[in-house]
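Chemist: Listed below are the residues making up each chain.
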Amino acid sequence: MTLTKAHIVENLFAENVFTKAESAQIIETLFEIIKQTLEDGEDVLISGFGKFSVKAKNQRRGRNPQTGEPIILPPRRVVTFKCSGVLREKINHGS
Amino acid sequence: MTKSQLIEALAKAEGITLKAAELAVNVAFESMEKALIQGDRVEIRGFGSFKVKDYEGYKGRNPKTGELIEVKPKRLPFFKVGKELKERVDSGAR
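In the order they appear, the protein sequences are chains A and B.
Residue numbers for the first sequence follow the numbering used here, beginning at 1 and rising by one.
Residue numbers for the second sequence follow the numbering used here, beginning at 1 and rising by one.
To be clear, the hints were calculated from the coordinates, so they are not data collected in a lab.
Hints may be right or wrong, so weigh each one.
Restricting the straight-line Cα-Cα distance to at most 30 Å, the calculated cross-link-like pairs of lysine-lysine (DSS-like) are [what the hints assert, rightly or not]:
1. B:K34 with A:K90
2. B:K3 with A:K51
3. B:K59 with A:K5
4. B:K53 with B:K86
5. B:K64 with A:K5
6. A:K55 with B:K83
7. B:K59 with B:K86
8. A:K5 with B:K34
9. A:K5 with B:K12
10. B:K64 with A:K51
11. A:K82 with B:K86
Some chain B residues judged to face chain A by a derived CB distance under 10 Å, without partners named [as the list claims (entries may be wrong)]:
12. L6
13. F29
14. G57
15. G60
16. R61
17. L76
Beta carbons: idealized from backbone N, C-alpha and C, even for Gly.
Whenever a hint applies, use it, and build me the whole structure from the sequences.
Modeler: The following block contains the structure:
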C-alpha cells in the first residue's frame, strides 16, 4: 500500500477537530511551507522523523550519454533526506 | 526550520491555534512514520516519495582503527525528491 496526501487528510479529519475541507487545506499548506523553506535554501528538521537538507552541487564536466559529447553541467541545488535515529530504530525493529 | 517553527508558521498561515497546528504536523509525520514502519511507500505529490530499502549486511572496517567489523543488514527509508520540489529548489539557486 502507498500512503498519499489523501490518507493524511483522512487521518487529520478523524481527529474531529477540523472539517474535511479544513483538513485538506491545512495539510496542503503544511507541505507548501516545507517546500518554500527548502526553496529558500533553509533545512527543515523534524525531530523524531528526519532532516531535509538543501545541498549545493558544484558545476561539473559530464558527457551526453547518447553522443559522448562533453558538456558542462551547471551548478545546482538538491534536496537530501537523512532519517532520524529514532525512526531508523523503529523501522528496523518493526520488521 | 525546526518542527516547532513549522508549527508556528502553519498556525500563522492558516489562522489556527498553535495546538491545532501541532496536531496537524504530528498527524502528518506520524502517518508517514507508521507507513514506513509497516514497510509501505509514502507518496506526496509535488514533494516527494519515501520507500524503505533493504540493505544487505557486509564485512567492513572501522575507518579509525582498521578493525574488521560485521555490518548487519538494515532497512533505511529512501527519499526521492518530487519533480516540483526538485525544480523549485534548483531555481531558487539562481
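Chemist: Quick check: which numbered hints come out false for this structure?
Modeler: 3, 5, 7, 14, 15 and 16
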